[in-house]
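Peer 1: In order, the protein sequence lines correspond to chains A and B.
Here the first sequence stands for residues 1 to 322, where the numbers follow this note's numbering.
Here the second sequence stands for residues 1 to 1046, where the numbers follow this note's numbering.
Everything labelled a hint here was simulated from the structure, so no lab data went into it.
Please note that a few of the clues may not be correct.
To be verified - Per the computed footprint, the stretches of chain B lying under chain A, defined by three or more beta-carbons under 8 Å from a beta-carbon of chain A, are:
1) 112–125
2) 502–508
3) 945–952
Unchecked claim - Partial pick of chain A residues on the chain B-facing surface, computed with a CB cut under 7 Å:
4) P64
5) G98
6) G126
7) I129
Claimed, not checked - Capping the alpha-carbon separation at 27 Å, the derived lysine-lysine pairs in BS3-like fashion look like this:
8) K113(B) x K179(A)
9) K164(A) x K785(B)
10) K179(A) x K29(B)
11) K113(B) x K59(A)
12) K847(B) x K880(B)
These figures come from a predicted structure and were not determined experimentally.
Built from N, CA and C at the ideal position, the CB exists for glycine as well.
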Amino acid sequence: MTRSISLLVAMAFLYLASHAQPVPAAEENIPWLVTFGANSQTSWGDDDFSQTFFFVVPKTTIVPIYIRVFDPDCSGAFDEAKGEFNTVTNFSVYGGKGCISDPDARETDPTGNYRSGNLLASRDFGANIQYDQKWYTFGPFDPSSGEDMPEYGGRVFKVIAQGKSGDDGNLYRYFMSSKSDANEAVEGGNAFTFEYSFRLHDDPKEVSHIYPYVDDRVISVKQSNFDWDGDGSIRMVSVAKQGDAVATSGDNQWVSSVHHVVKQELNTSLDIRFIKRADGAIKNNNVVFYIRNQYGALLPFFTVPIGGVPQYKPTIAVTKIK
Amino acid sequence: MRLLLTRFLIAAIAATLGGLVHGQTYKLKPIGPAEGLRNPFVHALAQDATGRLWIGTGDGAGRYDGQRVTMFTTADSLAENFVSTIHPAPDGRIWFGHSEGGLSIFEHGAFRKVFTGGQSNSSINAIVDDGNGGIWALAQNDGVLHVDAHDRCRLVASKEDILWYSLLVMKDHSLLAGTSDGFHLLHPEKGNSFSISPAFSDVVSAPVHGLVMGPQQDRIYAGTEGEGVVTFLFNNGAATEVAHMGTHTGLGELHIRDLKMGAYGQLILGTFGNGAYEMDVTGDSITSLLHYGAENGLGSDNVGVVLPDSENNLWFGRFGLGLARLLDRAVVHYAADAAAAQDVRAITFQGNNIWFTIPGGILHANSTDMRHLDTLGFANGLPPDDITALAADPQGGLWAGTANHGLYQQDTHGHFAHVPTRDDLMSRKVHALVSNGADVWVGTSNGVFRLGPAGMRHLTTSNGLLHNEVNALFKDEQGRIWVACNNGGVSMISGDEVKSFTLTEQGNAVHVTGIAQDSLGTLWFSTNGSGVRYMKGDVVMGVSKADGLLSDHVYSIASDGHSGIWAIHRGGASRIDRYSRKVLSFTDQFGIEPDRRMNTMAIGPDGNMWFATDKGLLRYASVKDVRSVRAPTVIITGLKVSGRDIDPSGPIVLPPDIYRIQFEFLGISLADPDGVRYRYKLEGYDADWTETTQGSAYYMRIAEGNYTLLVQAAMAGGDFSENTARLKVTVQTPIWKRDWFIALSIIALLMAISAFIRLRERRQRKNRELLKRTLRMRTRELQAKTEELEGKNKDITDSITYARRIQQAILPQEDLLAEHFPSSFIVFRPRDIVSGDFYWFRRFGPKFILACADCTGHGVPGAFMSMIGSMLLRELSAEKEVNSPDVLLTSLDKELRTVLRYQGGDENHHDGMDISICEIDMESLQLRASSAMHDLLIMRNGKLLRERGTRRSIGGVLSDGSEQTFDRIDSPLEPGDRIFLFTDGMPDQFGGEHGKKLKVSGVIQWIEETAALPMQEQATMLRQRFDAWMGDQAQVDDVLLIGIEV
């Protein structure tokens, strides 16, 4: 697993060198990350009111890095109000030992020592219009402050967004930058998570994607999605799958399905496509998604797919009969 | 046109003021890769007891000695590379906290890890002493760790859901911990644990990254993340007099990452996002504020750590830009870039308010925070003219003097109005203003005006002033006004009285440009061309260029309220120490042009000096002047012995030899490393100190002995440190030169001699024993031999004795001779038992033949030969052919050779005999004699006749082998003739007084001397004489003497 991730990360850096580290990335076509207040109901689309993302900085980086959050407050535009805005969301940045190496940090639920590592910065955001539709910058951070994890390609920082109180949905985005006041990608940086909580487009024509990476030990994967609300279909596309349908959940419901992985799919990314209903009847749909291998280990979703967006390659050539 | 001019001036002022607002610039010295600092992120700073700076980074710990940074990593036994905090302990050890919970100690020149037992794996954010040789360490996620003096580590305080950032030890040994929710009081409990109070959320709820105790040890300052600096008193577990400092000036939301307290009580803040601040504080008030940011020279607004060091340097850990030291931190320069000419000509203070001029206007600010300035210019009623003098009155009013438009006063609305004095050109040229109670004094080119409630009074030379051109005005402690006149001296105005004092130099009046009064009341005068003058009693003293002034042309003078008197020159300033008269010069940034600036200095309420220059405004804080710091600590950094590097950390002991030794040392000055000078002395080698600016000393030939290198350091112009670096070097004495070795050698030598003697004695004893044994053995052998020999000898002796009897039997009886010659004698003394000499006689008819023979040899051989001879004589004499003595001898010779088997030419035999034979015809008394090698003596009538025989022996061999013949003597005898025959025994006998041979002559003498005696008596006498002659001498040969009287 470790070896595989190292390989893929190394491959990815060549690809990412010219890319920024926006989360979600352009390839994902995900409008927002979402975290609800602790007093919210899971039926709104967030199963645990917490989301963890990891940012990787190459070990050679010697410039300060910043982790920027767009629209960190829970008020004003974009955010999902349940009545009056009353939600406080805490954003915390961690580095140091255990930041990701602690097993709890790599799990889906915010339990145990999931806030492992050294807290580098933390801030609560409530209904403060000062930060509405604006970037808030955490940092600067010394790249050395991250946990040195060669298998992930460098030093890893962890950002936890967790609803502390309230019942509203905080919609936000991240950007790892080398500037405090602008989004300038950290060269060679990347971001990933093991559980994605995000908002779907309302436009049924928009298809969102996430890209779990399949290493060479994977035989099968088990996808789990929460609160899909029956909003269309979720399909699994890969170099060997043209679009396998995966089991989809209803409201406030976890649903899983197992999918076999063929040889051609090893060391490639899968493309999980979230295809909304054509009638566009469901708005503000939030969904949670993760995927495990046959051992139960979570697969990382790199915001920029390792090896690029997978393209289906049929094994049987079809020749048009003239 | 007037409107255009007005707009232009407003625009000019606005541009100028804007420039000045942002014109506060600082110079910094960066410390980065060029100096060896590998990582640009600095997380910790500390200064050790030697003055060296320790730098914590993500790639290890750096040590900066003023020249370069030496990095230490896990390869040097650091627990981790990421150093999050550094704490120099009082015992000299330096503690390092790491980002993953590790701890390291630097002591005795090396690092070692502290075993923490995995108590924490989160960042160690603070370390403080526990007072017992251990430390309290703050682990961010876990709480307080205690490491005792024996390095035993355990967690003594923890609390869920808070993070721990900073730590402060209170007087009662409790701890105040800055946390993510403010701060908590940790009270010591039994069992080396702490009770943790709830957070003091009413005081501060933001994370507290820095806690320091104020200089009075009562007020605490907390640097927070989002609430700026919060200060409070803390007693009995309660915080009182809480204040958030600087909230009205925008400091309330600072994201403070580090908070330190400087040497004189100022707070130093490092922030993320806002750079760094230096606050002079009094209680909860900020009395002065300096900001260091990206825009004014710091280069970054992210300062993770700050440090004021022991030299008053200020260090900034710029996040991502490495370390930087503020240069010349005593001076703050408020100026824009050179393009904007900000010629400041006058300054005045009222409380914290400062006013200073710029071209076309006046700026006003709170001197404690120069970030915000008010502008006063043409729009406020000031004329389009240079402002030359300012004075603020106690009522808050501001007075401004102009170059050509007279005096202006600001009203309560901030508007300036012209104050008329005299409407003449010279009176409108204002040079000086001074406020004195309700009055304002105005110095002009036309004397002095006093304006006040009592109206205006104009004083000129007609009233006693020395000169109408007034350069400066000064109010002394008694309220008197002193007037510095352009030519001649000073005038003093007290009430209505004017007194003038002429100052001269070599008879010429000097130009007084300024007046000041020090804290002891002494008046000081600056002059243009004559240096500085001051009153000492009634005597005027001077300080000139010869005393260290930059120049004798001084344009302004002021006291700093302490011991310093400042004098302004063209291009610089001088500060005179009132007590020592030592002068320090300042040229950098102090240049002032043009010459006539009489109002260029003012002292602020905080004691700082302010200077107006043609390039802006300067603030000088003497307490921050690094030139006042002590001499640097000096350390010995290297030792090279005959080209080989040796660790100089301890006493050096070198084996015996002659060495080249190079010492390297370093005076730790972080502010001015190039300004350090040294003196050193190698005790045991040098008699005196050697001064140098190089950090090394070289010795060519260091032989055995004990040496101590002493090194002291000093800053340029300063005194050498009393703290002396020492390094003992011992070159061992060769063993053979050491006392103990010499003593041992002597002892060993003595022992060796003793052993030798004993050995020799033992050998000698052994030899003696051996000899004794040998001797005994030899003695026994000898005894045996002796006994054997004695036996044999006895046998031989017996045989010889018996042989003597035989020989005696062969020899004719002596009395038989008497029968033929009654008067005759034979002296016959064999040397041994038997004799080689023999005699023989026989009568044949009338003839009597007598032979006296001496055979070769003596003893037994001689006896044998004598027997042969005797037998042969007996036989031959009986033969008829042998009828004469000579024939007898010839026959004897022949027979003897026959008997002895002699061959002709045989030279190996010597046996034979000497013999004399006499034939006496008893009837005719005819004598015939013949002898071989013998003499014949005939005494007749008292006369002795000596007849020499043939000089050949019997048995001798002729070379031609022919037969020997012998001469014959024929001589008639007379009665009474005495004939003497003798062998060589008597003549050859040694003796007498001198031990010489008697010789034949001696025998003859004896015979002659005794010739008168009868024969028997003569024989007796001759025997006696012979005995006397021989004395103790051994008889050398057989003796035979025969005497007969015919």
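Peer 1: Just to be careful, I want the Cα atoms of K179(A) and K29(B) compared with a cutoff of 27 Å; is the pair within it?
Peer 2: Distance of about 24 Å is within 27 Å: holds.
Peer 1: Under 8 Å between beta-carbons, do enough residues of the stretch 945–952 of chain B, three at least, approach chain A for the coverage claim to hold?
Peer 2: violated (count 0)
Peer 1: Taking 8 Å as the Cβ threshold, is the statement that the stretch 112–125 of chain B is covered by chain A upheld or broken by the three-residue rule?
Peer 2: Holds, because 3 residues of the stretch 112–125 of chain B bring their Cβ atoms closer than 8 Å to Cβ atoms of chain A.
Peer 1: Given I129(A) as an interface hint, is the shortest Cβ-Cβ distance to chain B below 7 Å?
Peer 2: violated, 17 Å
Peer 1: Taking the closest Cβ pair, is P64(A) under 7 Å from chain B?
Peer 2: holds, 4 Å
Peer 1: Could you grab the alpha-carbon distance between K164(A) and K785(B) and see if it respects the 27 Å cut-off?
Peer 2: violated, 137 Å
Peer 1: Go check the stretch 502–508 of chain B versus chain A for me, would you? Three or more residues, Cβ under 8 Å, otherwise it fails.
Peer 2: violated (count 0)
Peer 1: Given the hinted pair K113(B) and K179(A), is their Cα-Cα distance within 27 Å?
Peer 2: Violated, because 37 Å separates the two Cα atoms, which is more than 27 Å.
Peer 1: Quick one, is the G98(A) hint okay against chain B at 7 Å, beta carbons?
Peer 2: With a minimum Cβ separation of about 6 Å from chain B (threshold 7 Å), the hint on G98(A) holds.
Peer 1: Next pair to validate is K113(B) with K59(A); report whether the Cα-Cα distance is within 27 Å.
Peer 2: Given that 27 Å is the threshold and the Cα spacing comes to 25 Å, the pair holds.
Peer 1: Holds or violated: the hint that G126(A) contacts chain B, with Cβ atoms closer than 7 Å.
Peer 2: Where the cut-off is 7 Å and the nearest Cβ of chain B is about 14 Å from G126(A), the hint is violated.
Peer 1: Please work out if K847(B) and K880(B) have their alpha carbons no farther apart than 27 Å.
Peer 2: holds, 13 Å
When each numbered hint is compared with the structure, violations occur for hints 2, 3, 6, 7, 8 and 9.
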